Structures are given as C-alpha cells and as structure tokens.
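Respectively, the protein sequence lines represent chains A and B. By the working numbering, the letter at position 68 of the first sequence is numbered 68, and the numbering carries on one by one without gaps. By the working numbering, the letter at position 125 of the second sequence is numbered 125, and the numbering carries on one by one without gaps.
Keep in mind the hints are simulated off the structure, nothing from the lab. A hint or two may mislead.
[Stated by the list, open to error] Derived, one-sided and incomplete: chain A residues facing chain B with beta-carbon distance under 10 Å:
#, residue
1, P85
2, E157
3, Y158
4, Y164
5, D175
6, V179
7, R213
8, F218
9, W221
10, F223
11, Q229
[As the list claims (entries may be wrong)] If you anchor each label on the Cβ, the simulated ranges turn out as follows:
#, chain 1, residue 1, chain 2, residue 2, range
12, B, D171, A, T97, 54 to 60 Å
13, A, D8, B, Q216, 36 to 42 Å
14, A, N220, B, R73, 28 to 34 Å
[What the hints assert, rightly or not] Stretch-level coverage of chain B by chain A, calculated; a stretch enters the list once three of its residues show a Cβ under 8 Å from a Cβ in chain A:
#, segment
15, 83-94
16, 155-167
Here the structure is a predicted model, which is why all the values come from computation and not from measurement. Each residue gets a CB set at the ideal place from its N, CA and C atoms; glycine is no exception.
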Amino acid sequence: MTSELQFDITQRPDFALLTVQLQKGQKIFAEPSAMASMSNGIRLKAGFKGGWKKTLGRALGGESLIINTFTAEKAGEVTFAPGCPGDTVHYQLDMSTLYLQRGAFMVHSEGVELSGKWGGAKGFFSGKGLVLLKASGTGDLFFNSYGALIEMNVEDEYIVDTGYVVAFEESLDYDVTTVPGMSTGGKIKSFFFGGEGLVVRFRGEGRIWIQSRAVNPFLNWVFPFRPVQKQS
Amino acid sequence: MNFKIDCRPAAAVLNLSLDPGETITCEVGAMIAMTAGITVETTSHKRGKGGLLKGLKRMFAGENFFLNHFTARHDNQTLMLGPQLMGDIVHHDLDGTLIVQGSSWLASDEGVELDASFQGLGKAIFSGESVFWLKCSGRGDLFLSSFGAIYEVDVDGEFTVDTGHIVAFEDTLDFRIGKASRSLIGSFLGGEGLVCKFSGTGKLYCQSHNPPSFGQMLGPKLRAR
Numbered sequence: 001m002t003s004e005l006q007f008d009i010t011q012r013p014d015f016a017l018l019t020v021q022l023q024k025g026q027k028i029f030a031e032p033s034a035m036a037s038m039s040n041g042i043r044l045k046a047g048f049k050g051g052w053k054k055t056l057g058r059a060l061g062g063e064s065l066i067i068n069t070f071t072a073e074k075a076g077e078v079t080f081a082p083g084c085p086g087d088t089v090h091y092q093l094d095m096s097t098l099y100l101q102r103g104a105f106m107v108h109s110e111g112v113e114l115s116g117k118w119g120g121a122k123g124f125f126s127g128k129g130l131v132l133l134k135a136s137g138t139g140d141l142f143f144n145s146y147g148a149l150i151e152m153n154v155e156d157e158y159i160v161d162t163g164y165v166v167a168f169e170e171s172l173d174y175d176v177t178t179v180p181g182m183s184t185g186g187k188i189k190s191f192f193f194g195g196e197g198l199v200v201r202f203r204g205e206g207r208i209w210i211q212s213r214a215v216n217p218f219l220n221w222v223f224p225f226r227p228v229q230k231q232s
Numbered sequence: 001m002n003f004k005i006d007c008r009p010a011a012a013v014l015n016l017s018l019d020p021g022e023t024i025t026c027e028v029g030a031m032i033a034m035t036a037g038i039t040v041e042t043t044s045h046k047r048g049k050g051g052l053l054k055g056l057k058r059m060f061a062g063e064n065f066f067l068n069h070f071t072a073r074h075d076n077q078t079l080m081l082g083p084q085l086m087g088d089i090v091h092h093d094l095d096g097t098l099i100v101q102g103s104s105w106l107a108s109d110e111g112v113e114l115d116a117s118f119q120g121l122g123k124a125i126f127s128g129e130s131v132f133w134l135k136c137s138g139r140g141d142l143f144l145s146s147f148g149a150i151y152e153v154d155v156d157g158e159f160t161v162d163t164g165h166i167v168a169f170e171d172t173l174d175f176r177i178g179k180a181s182r183s184l185i186g187s188f189l190g191g192e193g194l195v196c197k198f199s200g201t202g203k204l205y206c207q208s209h210n211p212p213s214f215g216q217m218l219g220p221k222l223r224a225r
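Just chain B, with the same shape it has in the complex (with noise of 0.2 Å):
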C-alpha cells in the first residue's frame, strides 16, 4: 500500500493506493473520493469476524458503532480520506500495540486488529476523556488524525500532557492523572486543572489543539437546541 499524506497541516488529506485485494478500514465518513474499482463494505468489525460486542466497546471510545472497509478490486486504485475536523494526518508504522484516543483514529490496514481498552474509571472521569481507548495491535500501517498539527514525543522518563491534547501513545507507557502544579487551587487557577502524567519509555503523539475546549468555546455562542 503506498499513501500520501497532502495538504499538511491544516486541511490534510490522506491519498491511498491499493493493489487488487487490499484493504484499508476506516472510520465511518471518513472517504471523499475513490476511483471506481473500489467497494465499500459496512460492518461492526473487522471483515468475516461479526463482533457486536466490540462495535458496542468501539462506540464507547467515540468512536462509530460501525466500520468502513475499502477493498480494491483492480489495479491502480485510489482512495482520499479525510477527518472531521480541520487538522493533520500521521502515519505509525505499527509493530505492537497503540492506544489511540477515540476519535484521532482514522483508517488502518489488515495486519492492524481494533479493540476497546478500557482505561479505568477514575481516569476517564477526570482526564475528560472516554472510558474507553481505541487499542491497536498487530503490524500494519495505521493513520492517526489531530484537531490542529501533531508532534510526537519519545518520552523517556515522565512527561505532562494536559488532558485533551493527546492522541496515541505506546501501551510501554502507562499515565496518571495528576495535578499540573504542586497545590490542588493552583492547578486549577493556571486553568490547567488536571493533567496526564505519563511514565515510562516509548512514542507519544500530542495534538496542538484541544477539541473540547474549542467547542466549549463555540456552544454557548450557538442557539440552544
């Protein structure tokens, strides 16, 4: 499979090629265009294996109850794919297992398996993000997304990421969460309240931006509803 990442960093695209028979599963809308040896197959997992169970989990992540497989059909196709929301695209060329943070996953090959990893309670509740994580395992090409551009970090040691702004992480890792400043009140008057402390060795992805606060940042100015 050969891709192409354009248009970095604000509006990426991720430009695909397949060869007869390949497949790429992607998040659900995530396709602009494809040539027309292509076709699309909808299930709630990973093509020939049913799997409600982990459709269910994988919407707990933020991520859709459902799955998109494109599968060439002939030679020289071509697939563009594209997130939400206006940001960057990455490549990981996974060897081992990725905790992808809910809704930065966007399409992965055959070798890559999709599961749930559940991240404890306590955490989810004060990290704001979901319960659950998008654990990728296996060996293939994975393409992650970000809301604003992506830097990647080798943690080797501790590292403070503020709640939000992470995307995937290598499960050598392991984070807690944490105060950002030594007392409780001044955590929270920097407005950086709690943070993710990371621990361990192995590749970090941040993002630039924080979806949340952008649209907590939007909504009150919107009509309610």
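The shape of chain A in the complex, shown without the other chains (with noise of 0.2 Å):
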C-alpha cells in the first residue's frame, strides 16, 4: 500500500506530461482518456469505484462516474495527460485532505479516496460552481489545470475568482463572495459589468494552487465565431 510511487512530471508548464512506473502489483486510479500511452503489461479496467455513493459524489465534482485502474502485471510505466493543455502538479496526501475544483483531478494512487462535496447553494449559482471533488487518505495526487499553476502559501486571507481555483487544503476556511469591501451598490455594479463576478475567499493559513488560464472566458471569446443557424 505505502510503496514509494515513482513518477516524473515534465514539459512543464504548457504541455505537462505525467509519467508513473509501476511495479508488479502496483495500481493506479484516473479520470477516464487521462491515459497517453502505457507499456505492455499494464491491465486496464474501467469501472465504478468506491460504492454508489462515492460515484454520484465524483459525478457532483463534474467528474466521470467512471475510474480506470491501471494494475501492473508486470513492471512498466503509464503516461498521463491532461485533457486541456496546461499544468500538472503532485500533491502528497498523509491521513489528509485537497479540496479540488471540478474537473482538475487526473490521476491518484491507492489509499486515495475521492468524493464530491457540495459547495453550497452560491458555488451552485454561480454558474463556474465551485462544485469541489475532496481527496483524502494516505498516497499520491495529481491533478491538472487551464494554463499554468501557480502555488500560494495563505496566511490570513487571499481572495481567487472562481473560475481559478484548481486545488486547497483544508485547513483553510473559504466562502463564495462579491470582491469585498464595496459599498452594495458597487458590488451590484462588479458584479453585472465588473466581470468579476463571484470569488472564492480563503482565510487562516494552507496552499492553494490557481490556474494562470480559466476556461470560461476562453468559450466566451470563441462564441462569436460560431456559424449562425439559418432560417427555415
């Protein structure tokens, strides 16, 4: 179970590549199409993970109902990619918990349970949802980004849009807000013209990790590019 995952995360930060050796009998978890390439030897195997519950929980975080387990029949190594291009980072996890916005896990080792977490009816409305996925247990994360990620070691409060949140600890606080300190009718006037919409505001002292990218507003400036559908 504690056997030293070795892994190698490289062309960073634009195109990150995650490559995991696994040895005899060693498994790994991923969110479905993660995988790249893998060598021969390694078994996978779609399924549902972690009782019915723990599923629905992983599908509220917008993540896949499904998880592939890779087992290791015999040594070899597996590459994983991000479905977006972007960052990949590891985060070790020791009788722990990483809160994890919707879509950015990847890959996770034995000992690592995920669930959904509802993020409360703000998260819900806002349209980004700060719909979180939670991580705990004992093992490797990984997990991926829109652009690169960028570490922040909080010490009393930080405040992140919330189309930019990709990971945090649990030790710290946070509530979805308006930017604070604004007058009402200010915050009326961010919040339908600023752009600034909600943010995610952190407070006591933890990491968190942002992505430099959202994809969101990427969509955004696509639309206008679309074909408009004729009239009949």
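Take each chain as given, in its own frame, and dock them per the hints.
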C-alpha cells in the first residue's frame, strides 16, 4: 500500500506530461481519457469505484462516474496528460484532505479516496460551480489545470476568482462571495458589469493552487465565431 | 509599483505589488487573485472622471465598456492579472503615446490616459481590425497581452506586418494598408491578402499568432448558435 510511487512530470508548464513507473502488482487510478500511453503488461479496467454514494459524489464534483484502474501485471510505465493544454502538479496526502475544483482531478494512487462535496447554493448558482471534489487518505494525487499552475501560501486572507481556483488544503476556511470592501451599489455594478462575478475568499493558513487561465473566458471568446443557424 | 511576469510565454500572468493608495486600472475580468486589502471599483472611465462617451468609444475599440480599478488600502498588497487567451504579457514603460490594438491592452497605472483613436474607415475595413484603437498616453506602466508570443521590432524606415498580428505601436509610426505582393491576385493567392505597412521610426509590438484566424478555424467546427 505505502510503496513509493515513482513518477516524473515533464514539459511543464504548458504541456505537462506525467509518467508513472509501476511495480508488479501496483495499481493507479485515473480519470477516463487521461492515459496517453502505456507499456506492455499494464491492464486497464474501467469501472465504478467506491460504491454508489462516492460515485454519485464524484459525478456531482464534475468528474466522470467511471474511474480507470491500471494494474501492472509486470513492471512498466503509464503516461498521463490532461485534456487541455496546461500544467500538472503532484500532492502528497498523508492522512489529510485536499479539495479540488471541478475537472481538476487526474490521477491518484492506492490509499486515496475521492468523494463529492456540495459547495453550497452560492457556488452552484455562480455557474462556474464551486462544486468540489474531496481527495483524502494517504497516497499520491495528481491534478491538472488550464494554463500554468501557481502555488500560493495563504497566511491570512486571500481572494481568488472562482474560475481560477484549482485546489486548496483543508486547513483553509473558504466562502464564495462578491469582491469585498465595496458598497452594495458598487458590488452590484461590479458583479454585473465588472466581470469579476464571484470570488472565493480563503482564510487561515494553507496552500492553494491557482490556474493562470480559465476555460469560460476562452469559450466566450470563441462563441462569436460559431456559425449562425439558417432560418428556414 | 513592483511587477513580475511569470509563466511566460504561453500562460503568462502579471503579479503586481501595490503600496497603499496605488491604483491599477485593468481590463474587465482580468483579475485572477488578490490579497484582501484591495478594493475594486468599476467605472466607464478613469476614476473620478465620468466620461460615458469614452466608455462607448472604447467599446468600439474592442474593449469592454467598463474598466476595473484596483486600489490597495493596506501595506503589502498583491494582485494577479491574466488575459483571456493563451499568450504572453509585456511591460511597456510609457512616455509618450502608444496605439494599442483593442484586445491587447491588459492594465495600466494612473499616469496613463486611455482614449479610443479613430484609425480611418478604410484602414479598419481592409485591415480587419476595429475602427478604433486604444490610445494610451502619458507616463506610467502599461501592460500588453498577446495571443501567442510577443516580439518587439524597432522600425526605422519601412516594415510590413500581416493584419491581426499587431499588438501596439508608437505613434511616431504611421501605417497604411497595402498589398503583400506586387500584384493583388498574388497577394490573395499567397494567403496574405492585405498587410499593414509601417513607416517612420519607433517601436512596434507584434504577436506570433492571429486571434481571428484561430477563431475562424474553430468556428465552423462548432454547432451553429
């Protein structure tokens, strides 16, 4: 269970690629379609994992219901790459919990459990959905981003736009809010016209990971280029 | 104001540290993260100066009608900004006037005056750029973003840039629309169509990728709206 996982992350930060070395009998779990290549002797099994409650939780967390299990029938390697161009980071769980934003999970080793966490109504209505995935236990966890991943040490209070939060440690308190320090009128104005919609306010001490780009602004940019449906 | 540009060139972010009372004006939606001692104000123009017309003009320049102003209220405040598209960020120490292509402006400090400048209808239609460009004048820090990598050219004489690749240029430069090759048919067959021909002496910023061509490549593959 506690055997060291050998891995290497290359091509950072723009096109991060994760290579994992597996010993005979060792297992690794990944988000479907995250696998890029693997050596001979690695067996892939797709399936539900951890009972229906955890499966449903994962689905709420914006991840797939299915988790792929890679088992090494003989020693070999598997490479994983995220769906969008971006960065990948390793996090060591040691009887601890890390919260991941929707879609950020990529790979975890044995000993890590994934479940969903309801982010509250505000997160849900933001559209960006601060619907979180909870990774806990002891083992290795890998998550990915769109754009580069920036690690920040929060010591007191820190504010991040909801679309840019990737992961944070459980030692931090958080709430979803509008940009603080404004009059009500100013808040409404900033919310509707300022484009800074909702932010996550972190309090306490711990680490957070921020991505340098967000998917939604890019989609908004692409939208006008879509063909217009012909009226019949 | 101290700044640092990280994660260059593909996913660049701008890290700023602000002293109490310092203000940075930026594109709407550019804020990624910040410390808690910063307040945000949304206006259609510079702080304290209404200017509805300027807001409207800026909208034609391909920017948002509104601007966000971030002001530090305490010591040691930091702010992280980033553009929409994958690409780089550069700092320009402004002293004079820089003409910026609408979507390339990311942020500027209080010493920089923003206004839309009319480039002429003919130029707008043929260059595929917008009618108005953003005119940044004064003294201060100016941050530009690009789609893809950004490169600087010191123009002395004549220089040709394909439309869509211009980020910004000093107003000591003048440009006109011209053909890429000697014959018009040759220009279009070469896929270059019309190009911008700069003349004069000054600094020019270009981007390695052309956002409209990328959009036009993606568009037809998407479901009709």
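Comparing the hints with the structure gives:
{"no.": "1", "hint": "P85", "verdict": "7 Å, holds"}
{"no.": "2", "hint": "E157", "verdict": "4 Å, holds"}
{"no.": "3", "hint": "Y158", "verdict": "6 Å, holds"}
{"no.": "4", "hint": "Y164", "verdict": "5 Å, holds"}
{"no.": "5", "hint": "D175", "verdict": "12 Å, violated"}
{"no.": "6", "hint": "V179", "verdict": "5 Å, holds"}
{"no.": "7", "hint": "R213", "verdict": "6 Å, holds"}
{"no.": "8", "hint": "F218", "verdict": "6 Å, holds"}
{"no.": "9", "hint": "W221", "verdict": "5 Å, holds"}
{"no.": "10", "hint": "F223", "verdict": "7 Å, holds"}
{"no.": "11", "hint": "Q229", "verdict": "4 Å, holds"}
{"no.": "12", "hint": "B/D171 <-> A/T97: 54 to 60 Å", "verdict": "56 Å, holds"}
{"no.": "13", "hint": "A/D8 <-> B/Q216: 36 to 42 Å", "verdict": "38 Å, holds"}
{"no.": "14", "hint": "A/N220 <-> B/R73: 28 to 34 Å", "verdict": "31 Å, holds"}
{"no.": "15", "hint": "83-94", "verdict": "holds (count 3)"}
{"no.": "16", "hint": "155-167", "verdict": "violated (count 0)"}
This entry does not satisfy hints 5 and 16, going by the numbered hints stated previously.
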